[in-house]
Amino acid sequence: MFRASLTSIARAGRVALAAIALLGLAAIAVPDETLAQGTNPTAQAVTEEQLLQALQPGGEIAGRVSIPDQKATGLIKPGGQDWRAFHQGTMFWVTIVALVGMLAIVVAFYAVRGKITIDSGLSGLKILRFNAFERFVHWLTAGSFLVLALTGINLVLGRFVLIPLFGPEAFATVTQLGKYAHNYLAWPFMAGLVFMLLVWIKDNIPDRTDVAWLKAGGGLLKKGVHPEAKKFNAGQKGIFWSVIVGGAALSVTGVLLLFPYLAGGYADWQLVQMIHGVVAAILVAVMVGHIYIGSVGMQGAFDAMGSGEVDYNWAREHHSLWAEEARRKQGAQGGASGGARPSPQPAE
Amino acid sequence: MARMKFLCDADRCIECNACVTACKNEHEVPWGINRRRVVTINDGTPGERSISMACMHCTDAPCAAVCPVDCFYTTADAVVLHSKDLCIGCGYCFYACPFGAPQYPRVGNFGSRGKMDKCTYCAGGPEADVTMAEYEKYGANRLAEGKLPICAEMCSTKALLAGDGEIIAEIYRERVVTRGYGSGAWGWQTAYKETVAI
Amino acid sequence: MLVKRKSLGHDTGAARRARHPAIVAGLVNEAVDRRTFLRRSGLAVGGLAAAGTLSLGAVRKAEAGPMQEGVPLETRKNICTHCSVGCTVIAEVQNGVWVGQEPAWESPINRGTHCAKGASVRELVHGDRRLKYPMKMVGGQWQRTTWDEALTEISAKLGDIRERSGADSVFWLGSAKFSNEGAYLYRKLAAFWGTNSVDHQARICHSTTVAGVANTWGYGAQTNSYNDIRNSKTMIIMGGNPAEAHPVSLQHVLSGKEQNQANMIVIDPRFTRTAAHATEYVRIRPGTDIPVIWGMMWHIFENGWEDKDFIASRVYGMDAVREEVARWTPEEVERVSGVPGEQLKRVAEMFATQKPSTLIWCMGATQKTVGTANVRAYCNLLLATGNVGSAGTGANIFRGHCNVQGATDLGLDVTSLPLYYGLGEGGWRHWSRVWEVEYDWLQSRFDEVPAKGGRDARDRKTNMETPGITTTRWFDAVMMDPEQVDQRDNVKAMMVFGHGGNTVTRMPEVAEGLKRLDLLVVADPHPTTFAVLGERTENTYLLPICTQFECSGSRTASNRSIQWGEKVVEPIFESATDYWVIHQLAEKLGFADRMFKNIEMVEGKFGPEPQPESVLREINRGGWSTGYCGQSPERLKAHMANQGAFDLVTLRAPRETADVGGDYYGLPWPCWGTPEIRHPGTHILYNTNLHVKDGGGAFRARFGVEREGVNLLAEGSAPVGSELTDGHPEFTYGVLKTLGWDADLTQAERTRIETQGGANADAVSWSTDLSGGIQRVCLEHGAIPFGNGKARAMAWNLPDPVPVHREPIYTPRTDLVAQYPTRDDFRQQRVPNIGHTVQKTAIENNIARDFPIILTSGRLVEYEGGGEETRSNPWLAELQQDMFVEINPADAAERGIAEGQLVWVTGPEGGSKARVKALVTERVGRGVAFMPFHFAGWFQGVDQRAKYPQGTDPIVLGESVNTVTTYGYDPVTGMQETKVTLCQIAAA
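Chains as they are written, first to last, in the UniProt record's numbering: chain B, 1 to 348; chain C, 1 to 198; chain W, 1 to 988.
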């Protein structure tokens, strides 16, 4: 399935290139000869068959229209059928795999590993992990993403799952609302992305500790194993970068889908839509994992984004370097001054 | 039951746009929505041909296949129609349509797509036939009155044919045989997976 | 995937049907409805044997489908108000509102079809950009006024101007949009006012055709018809783009091309939408039509392809043409026109040998300084190959507006009275008899012209017989030194009925002329460019006139078929009919009693108005010369009611048909005699293959019987069944007596003729005999009333008796000017024509270096004429939103101009300029640019939208091409040159 989708995307990419090349050619090709003697326009007429045969994959038979709507110039665009095949095949299955597959993995993981508890128990000592602004940014992004994801998934799967349950009218109403929600919540989501990037990028630069963390499997697989980590461990960094990169891709493609008049043509919009769909599915999968580990999957993890304060023991087990740093800093702030060495990870 | 189709004989089409304005007139189609349009290929050079294009009412219509709210339906005459009550203006049918048929009024704060509008083959929509309710959303329902689409009926050179696929194919075939040339039944391969064999 | 909705009962096709059990039943029972189906699928019934085996399918039985449920729907038949093809429009009316248009299947002309304009005419009556009430300009602002106030003020001002400057100082511009009755009344109004300065669009359309064709074989009109083109085996379309200008005509052209596998040759500087369907396209340099025609004839004479018998029996002066043609060797033709000899030879051979052949032309031929000569050359090609006067042949002249033929026929022309009666005493006396007004009174209405500018004085009678000022030159007559204007005073006032203001060349000077007028009255459904162009502040009136859909009357299509249009709805807003306004003016000017003496009045929207039927009857009573005498309103209405009876190709109804049996559709003129004798009309002019009673004829013996010892009458050729088997002159009472045919006159006819003629009764002719007896008797004997003459290959009375090539005034080929100069300066229609001086000056100033691109102009399918109506129609306006110039890719590349970019097109006169979008296309050859002529509302880069009365500005505005077109007038008719001038194009 993934292979198929990649081919599709690649094909769509060629479509776009071909379309651009065609446009370019149309503008440049200026045969400068007087009409040959004995022109018989009827005999020289183009036929559909010739044009279809000459058509590059994903290209279109296009001409001139007098109306300003330049997307009307495309007469026959067989690429529509490819997009349809992608949408009905690849997109459908990718979404199912991403959603159902990841849920299955999470459930399996829970069954095997159970909830990851704090090995050393609660210390009762709380340290501030995320301040109010960080938490606001997180929830802004998370909340809008949740709606975007659900309304998005609805477009792919709702027809098959929900119409039989609720009937077409109710479904259409909800989906219509979903479309508005999707269009409007895209903006807070994008704002959240920008803030996240600004606030957390410095803590998410990969470094050597990440290698060790990954080698130890993040300590997720085995009880009692706690590889060192700074404010964010490699797993979280992965989430961060997935959100940033995936979110950026969704934002760019989303804006183009929202304002198709901004740029590109038919083939471009198709490509953009395919990217949007596939990236969204992947990000949904990632987020399912993230939500699991941040909630039921791990004792004490939710507090980080809940109250913002985490238990010191939790911090020590999962973010030892950061916990130490934070504790030192708290101490420094509490009494002694000047003696503190420059913090490698300045706290917020 | 007939299998309704369109066939534009490009060797007759002169880009007079009667089909376009007849459609506007019949259905009071607003500015900016072009249910039908005429595209000229190889403009200005020997080889030039104009083709009038609208929804071709495809067999196994891609628009219907991709619609997330499943708002399309095919009538017994094989006319592909949709329900504006269900349509959410997502644009998927436009991505899938090989003929650029779906049109969207620009509405909302982002000028985003309103409910899709397209050629109805002058067959209205899901509302009761020949009622104001139907007219306001989809325009006239000529088929219910025993008439064919106005664009074809008013085509200046009788280039645009509408009616049962077999009959119009026969008309076209006969023309090609008589005159000895034909640039093809434009869009038929794409829409109906068949062409008019001469 | 889901093809059919199953879950929703109310949405399924099956369920929909189930709600209409009657329909389903109908389907089962009415399987034979195939005919309706085939007709509606655009197929001529018959000739499709294979379809017989096909099942009908599911076209359902008709049931009422009104826009408003439960309100009765009425249908009315009218004629499209755009081009001259004459497409029937079927209007559906509900509660007095025009709610829909249906295909008019029965019309043999359009068979249900329309072009973009015809398919959207409902908007003309439906639209909200019409002029809603009378308005006047006060202190530079438009103000609403009433009809009464406006007409009273206008009449008073006209009276003052007449007092001060004479009757000729008012220029009456009429319209090809008038019905025949409106056009006739307007001409009559001008006559009663006392001037011959009454003109209309034909001046700038086919005036040169009318002059050229009438001077060749008798009448100034299309000889055959659109439908008859279906018979042609070879057709040349030269200087015309009917695919855009007359789209429905292409139905006949392309059907003919297909059915006969005919040659369709397009000769044009531009690869048009028509050319795209040609079997041979010949690109020529604009303005070289005569060399191309002579080049073809060179091959024809060289190879003996000419029709020698035809020439011998029916053509005068072909030898003179031969002499001129001999100079146009293939080399010279190629040097001048750019057309290779081999191609021209092939085309010539097809035209001369694969007959019947027809020549179709439009403005490309006529709008030239050599317009009349072009037309004459075309006629010569037809005569040399024997392609006139039979099916599939002829000069198929496609006229422009919906009633330009009728308005021409009815005398909206500075050189004639209604129906081509000349301005001489005979013509005036004829009409004064028909009108029952004293000739002396009519004469008293005209000015005396004092001697000036070295010219003699004119008394009233001479002035009455002197052609007026043309619409191409009125502004010169406003601004020129009074000594130069050959009438009592300059033009001071203009009355414009139904005419655009952007239609004549040299628009910057037009604007200046408008500014200087003492009075400007624009009567039109729209404000038109006249309302905004002149920057006037006072003495300007806009009168809302309704369209022809809001009144009834007849109109004459290009093929001379006359069609009666039924009123669709009452005039909308405060608009009024032409009839009412003309009557009101006549009343306020004090001669309504005389003018409407014999015309019945009926109650109209604003009170009594002339009844169009009654006006047509008066036309019938005087229309002998052109055979406008047999088309009574009753006969025309019967034709409209029985359209389906007429044959698609012959246009004739079977003899057994009730009311219209044996008639040709629309009784194409000449329809001889009184309506009672039921002449069928004449489908094909000069056709000797038919009895005169069946619409046969011969070339008109209009130019005498002999010249310099050479016979001008036909030799051994006469219409089938004629008792006179040889040529003969036109008929008079005297000629009847000579033949002894006068015995066939009834006593009433004889009395009438003798009373009318008095001492000179023998001179009463077929065209002045108000009894109709002479025509009736001629027909009985199978003789054609106007005589049986030869067509003139050489027309000695024209400036160039045999057409000669003359380079356009502004030509890029300055090297050819010495050899082929334009005509010397001279005077015409009361003003000087200084074309020669202009050409000489252009050469001296090296204009061709600074303005290297030839500029030509033409039509778009979406718009018509000046474009106010069509640019105000959103369904059309959406399709052409910007004025543009077509420029060849090579020229564009040289100038760094990209598709869609704004450019300045500059003209060689007075720094004129227009800002338009570039359309880079190979439709035009290198060195040639094309601009459509329908735009206005921008002037030299300035948007004039705010100057229209509020709410009446057309949706689409743009620069007019005529801002940059230049000087140049045909020596015969004063036709302007719009097809060849020079320009420069630069990125804006």
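Hints are computed from structural coordinates only; laboratory data are not their basis. From the three backbone atoms N, C-alpha and C, an ideal C-beta is built for every residue, glycine too. Any given hint could be a false lead.
To be verified - Label-pair distances were calculated between CB atoms; the ranges are:
hint	chain 1	residue 1	chain 2	residue 2	range
1	W	GLU323	B	GLN53	53 to 59 Å
2	B	GLN53	W	LEU902	34 to 40 Å
3	C	GLY180	B	VAL100	46 to 52 Å
4	W	GLN143	B	VAL194	54 to 60 Å
5	W	GLU656	C	PRO30	47 to 53 Å
6	W	ASP128	B	VAL194	45 to 51 Å
7	C	ARG106	W	ALA988	25 to 31 Å
8	B	LEU128	C	VAL107	45 to 51 Å
Exercise for review: Hint by hint, work out which the structure violates, then give me just those numbers in ascending order.
Suggested key: Violated: hint 3 alone.
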